[in-house]
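Undergrad: For chain A, the structure is supplied; the task is to place chain C on it using the hints.
Chain by chain, the residues:
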Amino acid sequence: MSAVTVAGETGTGRIGWALADSWTMTRRELAHWARQPVQVVVGLVFPVMLLLMFNYLVGGGRGVEGDTTEFLVPGMLALTMAFGLEGTMLAVTQDLGKGVIDRFRSMPMVSGAVLVGRSVADMLQSVAALAVMIGVGYAVGWRWHNGTAAALAAVGLLLLLRFAMLWVGIQLAMVAGRPEMVQAVQILVWPVGFLSNVFATPESMPGWLGAVVEWNPMSATATAVRDLFGNPGAAGGTWASDHAGLLAVAWPLALTAVFLPLAVTRFRNLDN
Amino acid sequence: MHKRYGDKRALDGLDLTVRRGTVHGVLGPNGAGKTTAVRILSTLLRPDRGRVEVAGLDVCAEAREVRRRIGLLGQHAAVDEELGGRQNLEMFGRLYHLGARGAGARADALLERFGLADTGRKPVKQYSGGMRRRLDLAASLITDPQVLFLDEPTTGLDPRGRAEVWGAVRSLVGGGTTVLLTTQYLDEADQLADRISVIDGGRAIADGTADELKARVGGDRIDVVLRDAARLREAAALLGDGVVVDEDRRRLNAPAQDRMAALTRTVRALEEAGIEAEDIAVRRPTLDEVFLSLTDRTRDDAEVAA
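Same order as they appear, the protein sequences are chains A and C.
full-length UniProt numbering puts the first residue of the first sequence at 1, with every later residue one more than the last.
full-length UniProt numbering puts the first residue of the second sequence at 1, with every later residue one more than the last.
Since the hints were made in silico from the structure, they are not lab data.
Treat the hints with caution; some may be incorrect.
[What the hints assert, rightly or not] With the C-beta cut set under 10 Å, the calculated list includes, among others, these residues of chain A facing chain C:
| id | residue |
| --- | --- |
| 1 | W23 |
| 2 | M25 |
| 3 | A31 |
| 4 | R62 |
| 5 | R103 |
| 6 | R178 |
| 7 | V264 |
| 8 | T265 |
| 9 | R266 |
| 10 | F267 |
What you are looking at is a predicted structure, and each value in this text was computed from that prediction instead of being measured.
In this text, a Cβ means the ideal position worked out from N, Cα and C, and glycines have one as well.
This is chain A alone, in the form it adopts within the complex (with noise of 0.2 Å):
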């Protein structure tokens, strides 16, 4: 009767099929990239003009002991991969508005895979946004110290701040559910990002609030990137900062470990 039959299904063939369903909703995000150029650009451009106001007009890096341009293009770094938390909030709320959701969780795809295209295609971005930022940090005099494979460790422990964000990105946009819960999102995200060291140094800031800023994940990937980098960055002194290692990996992972199976359990059940 059928022209057309599904394949049927085997332990091994499962594997592959979860990395096929996922190959085809990466492609589906990078075909909507391909139709929204312009959108794109405006994503790479924006955290770019964030540091060019921030170096030449603002001037931040207060309390830096040494080159403020050397610290505040780390910190921008880490705020940039932070910040894409709000795309990724963006581009699933407005998804699961839409009726080809349904259709997927209609089909006998790995249901996963939708969350796995978001998070490949929102990697890729910030892989992107993080290339051309480090040309334009090159350009305005920002240099790294430590030799390449310090640097790759730097660029490696930003992707990994940006892949916890994904995951706590995916469960808030279930959460909230509508587009306009990400504005709310989008002016939060600013004071978080400011209770951090991306702008200045601690030890300028309050006693306590320096306390509260210096256990920010941001923070711990913003000074550990900087020793990395070989930039200048917190005067040390405090647990925190003395393990901004540690922290820049151990954060992520707890975030990851939190709201990754969250998501993945909220997607499955989205009706329930």
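TA: Below, chain C alone, put in the same frame as chain A:
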């Protein structure tokens, strides 16, 4: 099927049996539980209680197997609006694991079949309502499903889009596909369905062919609008049994099983009594009347015994 959302019982023991290879209409007003039922049947939602089988498979325990055998056309276009028609169908084909080439060929065949072959790369959001629904339907048919769910497939479409979708659904019937169609429109169920279940408050309140249901409602009705409201009672007496009087609209409504004869009889009776009518028409019972009649709510209305 039972399903509740908080305090609200969306489905309150809905029981449906659909014969293989037929079109079954589920008719009901907004909030009757139609969409909830379809979402459970298409594995998107879990029932609280009850046993639900699609194509002989349990929708909870064997969801994935069910998904391989069904197609779903929801109330809102379930396609990616940013992408083109072919891009959409190819993507769904890949997700059904037809392979890159197979998915492409299937997409082309379906675009051809639904008259969308020349849409090119145009994103779906620029399609007309009817085109979007046809693409949606094409996407539901990628693997020639055994069971196809159509949830209010023509709600929000203009008459032309409606005719397009009806045509497409008709072309499926006879291909052996079992179709479950929900609708708010009696004429849609009438046109497309072999059997109809009327649902209200989350349960089936009637079941039968379109003719059987209409017979239960009492068939066609005659509407008479008078010029002078003062003569409504007098005219009602002329119209015979089962007259409903609507004072506000100066309107009478009565059964008219024999259609033309009823029309002639009424015109003549009014003329002889010297009662002037503004409008007289014989029409099918509306969905409202089907409901009112089936749920016995007519008793609450101003009903006048002749």
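Undergrad: Now tell me, hint by hint, if it's right for this structure.
TA: Going through the hints against the structure:
For the restraint placing A/W23 at the interface with chain C, the shortest Cβ-Cβ distance is roughly 9 Å, inside the 10 Å limit, so the hint holds. Of the supplied interface hints, the one on A/M25 holds, with its beta-carbon coming within about 8 Å of a beta-carbon of chain C, less than 10 Å. Residue-level restraint check for A/A31 holds (minimum Cβ-Cβ distance to chain C is 6 Å; threshold 10 Å). Checking A/R62 against chain C by beta carbon gives a least distance of about 43 Å; that is not within 10 Å, so the hint is violated.
About 4 Å separates the beta-carbon of A/R103 from the nearest beta-carbon of chain C, less than 10 Å, and the hint is met. About 16 Å separates the beta-carbon of A/R178 from the nearest beta-carbon of chain C, more than 10 Å, and the hint is not met. With a cut of 10 Å, the hint placing A/V264 at the interface with chain C is violated, because the nearest CB-to-CB distance is about 16 Å. Interface hint at A/T265: violated, since its Cβ lies 14 Å from the closest Cβ of chain C, which is beyond the 10 Å cut-off.
Because the smallest distance between the Cβ of A/R266 and any Cβ of chain C comes to about 14 Å, over 10 Å, the interface hint for this residue is violated. Because the smallest distance between the Cβ of A/F267 and any Cβ of chain C comes to about 12 Å, over 10 Å, the interface hint for this residue is violated.
Violation of the numbered hints given earlier is confined to hints 4, 6, 7, 8, 9, 10; the remaining hints are satisfied by the structure.
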